[in-house]
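Student: Now for the letters of each chain:
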Amino acid sequence: MQQEVILAMLAKEPSHGYELRARLRAALGPVGEDLNAGQVYVTLTRLEKAGLVTGTAEPGQTRPDRKVYELTPVGQQRVAAWLAEVSWPKPDLTEFHLKLIAAFAGRLADPIAIVDAQRRELLRRLRDAQRAAFGEPDNSDAALLLEGIVLRLQADLHWLEACERTWTNRRTKA
Amino acid sequence: MRTYLDQPEDQGVNSLLSARTLCKRYGRGDALVRAVDDVDLDVETGETVAIMGPSGCGKSTLLHLLGGLDRPDSGEIKLAGKRVDQLGERGLARLRRDAVGFVFQSFHLMDELTAVENVELPALLAGRSPRAARKRALELLSRTGLADRAKFLPSALSGGQRQRVAVARALANEPLIVLADEPTGNLDSAATLEVLRLFDDLHEAGQTLVIVTHDSRIAATADRMITMRDGAFVDETRLTGGTAGSLSRLAGLEG
Amino acid sequence: MGRLALIARLVARDLRHRPAEAVILLLAITAAATTLTLGLVLHGITTGPYERTRTATVAPDIVASVAPANNANQPADLANLTPLAKAPGVIGSSGPYPVRGMTLRTGDYTVPAMAEGRGQAPSAIDRPLLTAGTWARPGSVVLERSFAAALGVKTGQTIFLNDRGFRISGIAVSAALPPYPALCNVGCDFVSPNLPSGQPGLVWMTKTDLLAGATPADPVSWYMNLRLANPASAGTYATAYDNAHTAWSAPYLVSWQRVEVATSRVTESAEGVLLLGSALLALLAIASVAVLAGGRMAGQVRRVGLLKAVGATPGLVAVVLLAEHLLVAAAAACLGLALGWLAAPLVASPGAGLLGSADVSVSLTDAGVVVAVALVVALLATVAPAIRGARASTVRALDDAARTPKRRPVVTRVSRRMPPVLLLGLRIAARRPRRSLLGMASVTVTVAGLVTVLMAHAKFDARAAGSGALTNPVNTEVIHMTTVITVALVLLAAVNALLITWATVLDARRSSALSRALGATAAQVSAGLAVAQMLPALTGAIVGTPLGFLLYAALKHQGGMTYPPVWWLACVVLGTPLVVGALTVIPSRAASRTEVASVLQSGAA
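Chains as they are written, first to last, in the working numbering: chain C, 6 to 179; chain S, 649 to 903; chain G, 3 to 607.
No lab work stands behind these hints: they were computed from the structure.
Check before you lean on any hint, since a few could be wrong.
Listed next, the stretches of chain G that the computed footprint assigns to chain S, with coverage defined by at least 3 CB atoms under 8 Å from CB atoms of chain S [as the list claims (entries may be wrong)]:
{"#": "1", "segment": "409-416"}
{"#": "2", "segment": "513-521"}
Capping the alpha-carbon separation at 20 Å, the derived lysine to aspartate or glutamate pairs in EDC-like fashion look like this [stated by the list, open to error]:
{"#": "3", "chain 1": "C", "residue 1": "Lys178", "chain 2": "S", "residue 2": "Asp878"}
{"#": "4", "chain 1": "S", "residue 1": "Lys730", "chain 2": "S", "residue 2": "Asp746"}
{"#": "5", "chain 1": "G", "residue 1": "Lys408", "chain 2": "S", "residue 2": "Asp759"}
Idealized CB from N, CA, C, for every residue including glycine.
Work the whole structure out from these sequences, hints included.
Tutor: Structure (structure tokens):
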């Protein structure tokens with residue numbers, strides 16, 4: 006769970022742990038349904054330890070979800086810096102790419118079979134994401150997020166098709 | 649009015665559509681192109697099959713063969729148990745009329761007819777009464793969410809709406825199978841979504857679909873996805889059954 | 003100057019690339035031009051020969067006659083006639099000659115004849131000029147030349163007049179009275195019972211032969227020929243006299259001007275037929291040119307990009323098209339003039355009733371008229387598509403939106419209640435209403451011509467029904483000419499039908515392929531295309547039939563309207579759409595061979 010996400014959600018006002026979790030789930034929709042409850046509180050504890058937030062327990066409470074969390078000035082700076090960042094989350098192409106080369110070179114497996122397997126996986130994910138998107142109202146936050154996921158999966162699938170073409174050509178030439 | 653089905657069926661054939669060793673060639677000698685090269689295909693009733701592949705791999709040709717718009721050089725095609733590859737011109741016309749609905753990439757609507765007039769046309773050509781044809785057309789248009797656009801001309805409709813009208817038209821004569829050739833090829837992403845949803849609805853309603861596409865989103869709505877290259881099938885994936893993993897992992901939230 | 007050269011280059015290129023179209027246009031306009039030339043040549047063709055005949059036969063300026071009353075026992079009053087010889091303004095006379103109506107019988111015909119009794123010596127005024135044989139003697143007669151030609155008799159043969167046999171001693175020409183069959187157009191002043199029906203011809207015999215057999219029931223009239231001091235005033239003189247003396251016993255005067263008019267009527271029918279025929283052919287030619295021009299402009303406008311490379315804009319393309327058609331029209335006019343001049347001797351005869359042959363010449367005015375008409379035909383037909391094409395902007399041209407069919411809600415509503423073939427046919431016809439109208443117009447013109455021929459035939463048959471009756475050579479000539487022109491009309495109309503069908507087939511390719519993809523059979527689509535041509539053809543035939551009646555009424559110069567049997571007309575009205583439908587089979591079969599898929603692949607949305 007991105008630490009910066011939790012920080013940013015506290016920027017508006019201090020909240021209880023369970024309020025944060027509720028807000029996250031509302032923003033994520035189905036994607037957030039199986040979000041591990043503990044994830045949020047672990048992250049909050051880490052952030053508290055790192056001095057980016059302060060947690061004030063209600064009298065007689067030590068559970069994280071009952072604490073009221075608030076940004077520290079350092080935490081606010083961190084949020085500002087994060088918002089100014091323009092880097093896009095990096096997909097893990099390099100690892101897959103190296104995987105194919107290694108499989109071919111060491112005769113460990115057929116690269117095309119690996120590609121096909123990955124394609125099948127992505128297609129299934131695409132199907133699921135799409136199905137989920139259909140259940141959401143148009144223009145909602147959840148729908149927007151799911152569209153992004155779908156489009157990224159599409160892009161990855163295009164690349165996998167290119168991998169398949171290239172590796173097929175290499176095989177026929179070999 | 650299912651005249652097409654008034655002939656006795658073969659025994660022991662489960663699939664709705666089955667093709668064996670289909671071949672279609674163009675040109676000869678050095679310029680010979682095997683558009684469809686020895687293709688076998690089975691489609692069950694109620695199944696959605698997506699055929700993907702790069703441009704020029706023969707997927708549109710295959711669809712035209714399956715839909716009776718073109719004749720194979722060799723091989724056999726059976727629809728609901730009856731051979732269709734050897735039908736004469738009249739038999740093919742009846743096939744297109746009663747058993748197969750076609751959706752084209754460029755919609756191919758009649759520009760001078762309104763949406764409802766376009767949708768009722770196959771029924772009128774089949775000899776149905778004008779009233780029944782109009783009724784069915786309006787039903788189909790409301791099913792595709794275009795009831796309020798029934799009297800619009802195609803030029804007054806968006807791309808997605810036009811394709812939805814085309815889909816409604818393909819359903820006019822209650823076809824056994826709907827064949828779609830790059831249905832979202834000429835649409836932007838918003839229109840693609842409209843058509844996607846429609847195909848999903850059709851699938852839920854039990855319509856058998858064969859969709860040729862290079863858009864993986866469309867393919868992802870299918871039960872089965874076939875990859876085609878150079879006129880032949882090279883891969884087949886069953887997409888139904890089980891999710892691949894949690895959506896949050898998809899979103900990159902975990903870890 | 004550069005633009006002119008460019009236009010010339012483009013015109014030459016187009017003509018080279020599309021020779022068939024240019025040839026069709028040439029033929030269509032040439033047919034109209036030839037007919038027009040012949041018509042103009044015929045105009046006034048009798049004037050010269052009539053003048054010559056007048057001089058050669060010493061023709062009178064006025065023919066005066068008295069006749070008995072219609073009821074018997076009231077003989078003609080000769081005493082009223084003879085004083086005219088001394089009337090003021092009259093400087094010479096001949097006669098009076100006795101005249102009777104007689105029944106003339108040859109081996110083949112039984113016809114009426116007007117017999118005039120003459121002496122042996124040539125008269126002072128009105129000397130019939132013998133072109134064969136010798137003058138009448140007791141027992142022999144001389145026939146007027148066109149009468150003899152119609153009867154098919156020659157000198158030396160025997161004929162029967164009132165059951166008395168006479169030998170034909172000679173054939174002669176006279177300008178005093180109009181030749182057969184126009185003899186009685188100026189009024190024949192004889193009363194004879196029981197004459198056969200038909201037009202009489204003139205016969206000269208001796209006075210004794212004529213007077214023999216005259217009874218109070220079959221009395222004699224008297225004819226006198228007068229010469230005036232002022233021949234040009236004969237017309238007014240005769241009219242004034244006739245108006246002043248209206249009693250039945252008073253003489254009846256006919257001026258030479260009236261005789262000339264009646265004589266020229268002989269060829270006027272033919273002239274009328276030719277002029278009208280050329281008008282019909284011109285209308286058909288306009289339709290052909292319009293269809294071709296419309297199709298061509300649509301094709302050119304689509305290739306705007308290509309043309310711009312040559313330096314052409316849609317406006318320039320329209321100018322090129324116009325220039326091309328005008329050029330072809332001018333060539334067709336020259337060809338038509340030449341053909342008309344060559345063919346003129348065949349039709350341009352002043353008739354057997356006049357001396358000599360006609361001066362067959364195509365005057366400069368005639369040539370000018372023909373060229374002007376040809377150019378106007380090409381202009382009328384090309385101007386509308388050319389203007390439409392010139393206005394087309396590049397974007398629209400590439401989009402081809404300019405030629406997208408308009409929505410026709412009425413047609414759509416009506417056609418959806420009909421069986422598939424009629425549905426397809428109606429919608430195809432309604433896509434291009436102008437073209438359907440052109441098709442209808444060309445059928446209307448053709449059917450009008452056909453009906454006119456049928457009317458003429460019907461009249462001919464009715465007359466021939468009376469056995470022994472003589473065919474009116476004028477009508478025969480009219481029939482022949484109308485038949486030739488109608489054959490030309492039918493051929494041109496057939497070409498038109500093929501052109502229109504081909505253009506429609508090309509136009510409807512996409513919608514036909516789509517209909518077939520939606521389940522219509524190739525046969526249904528072909529039938530629809532046929533229906534799309536047959537409906538305008540049927541309408542054209544129905545409209546053309548009464549037009550044909552009107553045309554015939556305008557053409558005929560005497561006689562009533564004999565309508566042909568209903569089943570003839572029904573054949574024409576029903577047969578024409580069938581023929582048009584059959585003609586569509588060729589282009590639509592050829593087009594339906596392409597597989598549906600390939601047409602749809604290449605087409606746009």
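Student: Evaluate each hint against the coordinates.
Tutor: Status of the hints after comparison with the structure:
1. Counting residues of the segment 409-416 of chain G whose CB lies closer than 8 Å to any CB of chain S gives 3, so the stated coverage by that chain holds, three being the minimum.
2. For the segment 513-521 of chain G, the proposed coverage by chain S is satisfied: 7 residues have a C-beta within less than 8 Å of a C-beta in that chain, meeting the threshold of three.
3. Taking the CA atoms of lysine 178 of chain C and aspartate 878 of chain S, the gap is near 17 Å; set against the 20 Å cutoff, the hint holds.
4. Proposed proximity of lysine 730 of chain S and aspartate 746 of chain S is supported: the alpha carbons are some 14 Å apart, at most 20 Å.
5. For a cut-off of 20 Å, the pair hint linking lysine 408 of chain G to aspartate 759 of chain S stands: about 9 Å separates their Cα positions.
The structure shown violates none of the earlier numbered hints.
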